[in-house]
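Protein sequences appear in the order of chains A and B.
For the record, in the first sequence the residue sitting at position 30 is 29 according to numbering that gives the first Met the number 0, with numbers rising by one throughout.
For the record, in the second sequence the residue sitting at position 59 is 58 according to numbering that gives the first Met the number 0, with numbers rising by one throughout.
Derived by calculation from the structure, the hints in this document are not laboratory data.
What you were told as hints is all true, and nothing was included just to trick you.
With a Cα cut of at most 16 Å, we get these calculated EDC-like pairs of lysine to aspartate or glutamate:
1) A:Lys61 with B:Glu56
2) B:Lys61 with B:Asp91
3) A:Lys58 with A:Glu110
4) B:Lys61 with A:Glu56
5) A:Lys61 with A:Glu107
6) B:Lys61 with B:Glu107
Partner residues are not named here, just some residues of chain A that face chain B (Cβ under 8 Å, in silico):
7) Ile7
8) Val24
9) Lys58
10) Arg63
11) His65
12) Leu66
13) Asp67
14) Asp71
15) Leu113
Rough simulated footprint, nothing fancy, chain B against chain A, three-plus residues with beta-carbon under 8 Å:
16) 0-6
17) 72-80
18) 114-123
For every residue, glycine included, the Cβ atom is placed at its ideal position computed from N, Cα and C.
There are 2 protein chains.
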Amino acid sequence: MTSRIAVIAIDAVQPRVVADFWCNVLGWQVVEEDETGISIAGTDGSWPTIDVFAVPERKTVKNRLHLDLRADGMTTAEELDRLLGLGARRTDIGQGTDVSWVVLSDPEGNEFCLLSRTVEEARG
Amino acid sequence: MTSRIAVIAIDAVQPRVVADFWCNVLGWQVVEEDETGISIAGTDGSWPTIDVFAVPERKTVKNRLHLDLRADGMTTAEELDRLLGLGARRTDIGQGTDVSWVVLSDPEGNEFCLLSRTVEEARG
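Bound conformation, chain A alone:
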């Protein structure tokens, strides 16, 4: 008797750019698209999925919600290289040099982190 997180919604000025980025990051695919936005999801049917919503206004301040990722099927260093190759940018939100994670941002500046331990290491 609770709620369940079904969707993470992300506002975007350019939904296609943001949706494509997150599809590449997560290995997901576009499952629905209309003038309001783009829904993306993994092939395994797991939740939450992501809805990228078209909005007119650009990001102005650091997001109060962000996603933390773990590399799945490769080392964290390899995944960092891959994310940078996809267009992720290293981002300084005042985290300093004493943290174990890497702060990045997506094409519209939405901050996210790559955590130091991989999925396998965190599950182990």
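Given chain A, work out where chain B should sit, using these hints.
Below, chain B without anything else, positioned relative to chain A:
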């Protein structure tokens, strides 16, 4: 060879208040707590979990990321009543009256939506 969403991080001026709210909403529990924040998770080990991080600054604009919830184990109307009882507030972000979801916000004003279809209906 991808990344996986492990954690949804939420900045909070009062981490305990925000963490307790989301524990109640999701039926989760506190799994770790220190001076930097509070980690909450479900008992089934599923990802993503939520980390509530202590920050000094208050929320100033509509969040660009938000969570969409589905009622799990009860009707959407019943779940809406329960969420309002937990301290969720009905929130106007310009959604109008023509949408199927209800926009709410948590104790620090983080917007979230209760979708019209329950978990069971969405899965069916």
